[in-house]
Structures are given as C-alpha cells and as structure tokens.
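Chemist: Protein sequence lines correspond, in order, to chains A and B. Quick note: the first sequence, position 19, residue 1141 per the working numbering, numbers continuous. Quick note: the second sequence, position 147, residue 150 per the working numbering, numbers continuous.
I should point out that these hints are in silico values taken from the structure, not numbers from a laboratory.
Pairs of lysine-lysine, DSS-like flavour, derived with a Cα cap of 25 Å:
1) K192(B) to K156(B)
2) K261(B) to K225(B)
3) K47(B) to K147(B)
4) K18(B) to K47(B)
5) K1175(A) to K88(B)
6) K275(B) to K233(B)
7) K1167(A) to K156(B)
8) K88(B) to K192(B)
9) K1167(A) to K1196(A)
10) K105(B) to K147(B)
11) K159(B) to K1167(A)
12) K1196(A) to K225(B)
13) K105(B) to K233(B)
14) K1128(A) to K1196(A)
15) K1167(A) to K88(B)
Reference excerpt, derived from the structure (chain A facing chain B, CB under 10 Å, subset only):
16) N1168
17) E1187
18) K1189
19) E1210
20) T1213
21) F1214
22) S1215
23) L1216
24) L1221
25) L1231
26) A1234
27) G1235
28) V1239
All residues carry an ideal CB built from backbone N, CA and C; glycine is no exception.
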Amino acid sequence: MTLPPKYRILLIGGSAGSMAVLVTLLNHFPSPFPIPVVIIMHRLKNVVSELDKLLSVQQVIREPEDKEPLLPGKIYLAPQNYHLLIEEDATFSLDYSELVNFSRPAIDLSFAGAAAVFGAQVAGILLSGANNDGAAGLSRIIAAGGTGIVQDPATAEFDVMPQAAIDANPGVQAMSVEEIIHFISNISTENKS
Amino acid sequence: MIEGISNSDFTELVKIIQQRYGYDFTDYAVASLKRRFVRFMAYKHIDSIFELKHRLLNETHFFQEMVQYITVNVTEMFRDPSFYKALREQVLPRLASYPNIKIWHAGCASGEEVYSMAILLEEAGLMDRCRIYATDMNAANLKKAEEGRVTLKEMKDYTYNYIQSGGIHDFSGYYTAHGDHVIIQPELKRNIIFFQHNLVTDQVFNEFQLICCRNVFIYFNKTLQERVVKLFYESLTSLGYLALGLKESLLYNEERVKFEPVNAANKIFRRKT
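Just need the whole structure built from these sequences, with the hints factored in.
Modeler: What follows is the structure, given as structure tokens:
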C-alpha cells in the first residue's frame, strides 16, 4: 500500500525584494520535481517581459495559457496582467478582473484557488514584499489543512508581506531561505517514498 | 463574509439565473464565476447562499445589479502593445485590399479596445471603408462604451501603451479632458455600431474580415469555447482573421485545425479557407 502524496502542488508568491530569493530557490530546485510548482510574482503590465526566460536558468519555466493542465515537474509563472486561478480538473484558468491588493496577478487568488481544489495537499510559500497580498491566501491554505510558510521577516528585504501573513495566521511557519530550500527538497523525497 | 460556494449551491444559482432571467452561465469557467458570486455577496453584505437565492428569485432589479457585477468588465486601451503593433504591421495592410472592411469586437465591455482599433484604422487611412460592430451581452457596458468616457488617470498608461504599439501621433489629440475623465473624439465613433449580442446564446449576424475577442474566452469552459470558435469560424470570410488574448489558446479546441497562426505570440489566427 502506498500513502497518498503529502502535497499535490507548491505555490510561491513574492513581491518587492523577492527576486533574488526566488532565483536562489530555483537554483536549488530538485529536478525532476514530483508536483507542479506555481510562482506568482507582482510584476509590471503591458511591457515586453522575459521574466519567464530570466528565471529559466536551471529548468524551463513557462507562463501557462488558459485551460492548460497543471503537470508534475513543471514550473509555472503567473503571466502579467492576469489573475491565475485553478479549476477542479487541475487546469489553469485566467482572469482579467479588478486588481486585488493593488495587484494582478494577486497571490491571494492563486493561493485560495489551490486550497479550494487541492485541500490539505497544498504548500504555499510567501517571500519578501511591501504589501499584504498573500496573507489571506495563506490563511485559506492553512484552514484547508495545508502548509503555509513565509520567509522569515528578519531576512526579507521587505518584511511587510511575510509579517502580514504571520499576523493573520498563527499557523504560519517562518523560515530562513536555507530552511525553505530544505523544505522544498523534502517534498521531493517524501513524495517519492 | 462567506469564503466559498459549494458546487451544488453554485449549480443551483446558475440554474435559477437561467430559468428566471434567461442568462446562461452553465458553461462559464467555474473558478472565476464562483469568485464573482462571492465578491458580489460581500459587496451586498449577503452572508448566506439562502439569502442570495431568495433575493434572486424575488427581486428583478437585484438580478440586474448582479449581472452587471459578476460579468468582468475590465479593459484597457492598447492592452498588450505588441498585439496592436502586429495588427498595424501584419493585418491592416491585408485588410486594406478589401473595398469594405467589417470588424467584430465580441465582448467589447466599455469599449477601450474598440477605440484602440479605431485609432489604428484612422492612422492607416482605413476608417472610412470600415465598419466596426462592437457587441457585449451587458447593456450597461454598451452604454458606457458609446459615451466614450475613460478615466483621466488611466490615460498616462494608455499613452505609454499607444507609443509602444508603434503610434507616432500625439495621443492626446484623440480625446478631450473633462475634469476626472476624458471623452474620446466623436469622429472616431463614426463607423462603430454598438449593440447587444450574447456569445452564449446568439447566432451569426454578419460576415467579417477580422474578429477581435480578447480575454473573453478565459471566462468560458472548454465546451463554450468550442461553440464560440465555431460561431467565429462561420462569421469569418475565407482567410479572415481571429484575434484572441495573449494567454488564450486554440490548442484545446477541436476547431483549431480550421485556423492557422498568423502571429502565434500575439494570438492572431486566420481562417484557413
């Protein structure tokens, strides 16, 4: 008998000051990774952006299209100027509605969407940032039984975002970047066993 | 405030709306529509699905407000400048060969993309041979679109987008400022017709050389996308163009074999025959 995997999806959200941390995490990403990874970064709109290519150093990172299935081992980046939602059949759906927390993509919406679909099998990580996007989304992940992690505010270039998530959720775990790297590599080994 | 809607409540709400008001949301993308329902409930301070259903069944004007609120009406002028650049360079020169050019903006919301197109056509010297049919399911949107009112604070972004799209004129020449908003120059409207059309339930009404339907499909599920692509295919002339949003795809659509990409990155397709 095999136990069901602990996680079915990993989401990482970040804003101001999170790019360097994200690159570090990606450089340490176990490959192949057993579950889909979704990255939501606050970013400019209506510019020709190569963020997906910039991040694709170790492995290819792609901006999903509407209705694209979430596949294990793939790393997805929320496209600029859309909210990134997840449907129950584990496909992406995009949304071009009002800004949430002054942001589109909003981390809250992707986090909450994943919690609604994957329940307890969600891990959400929130990095440095200067507003409170992500706090409500992490609450939903934790309420559904999933794991909510923030970058330790003391180590974040901008502590507002991780601190807001801690203040909103007693269940959030604050971790250093090294600990986050360790957590991610554990997902890889645990899900395999 | 409620945080989510169960699938059974959701199905029932959609059924009530369809049976009582004739708007069919059955094949909308669920994640987004559920969120719209929840958002509307928060806005109206409704904290139970029971109350929402009760008011839907008993108050007609309540539904009118709801439909306005749950449909997404966000739009921008020259959103994705690279798309407009591709239109200028690859599509408009081809359209120029037709004596009469017919363009359909399906799901035009408050009209910002329609006016962006009108500016391109004016600059290409094609406006007087053109007719733009701008449709939306939402009457309130169309009224806004016809007025050509845009918030002033957005104009800085739009001017930037316009320049990125290859615009070389003075963008402020296309509108006049009135306090906190601007009015698009009425001459730009001279060949635009606004009217109500619902992609879910309505049929082919004309034949076009170009159909723009950007960021509308994302609110539909695969079944409905399938239906609408068929409708577009039948509404296009042979070799007519279809433009979708940058992250919208024909990849998951059976009809894709009938189209070929003209500019894949900017999601411009062409009817094959």
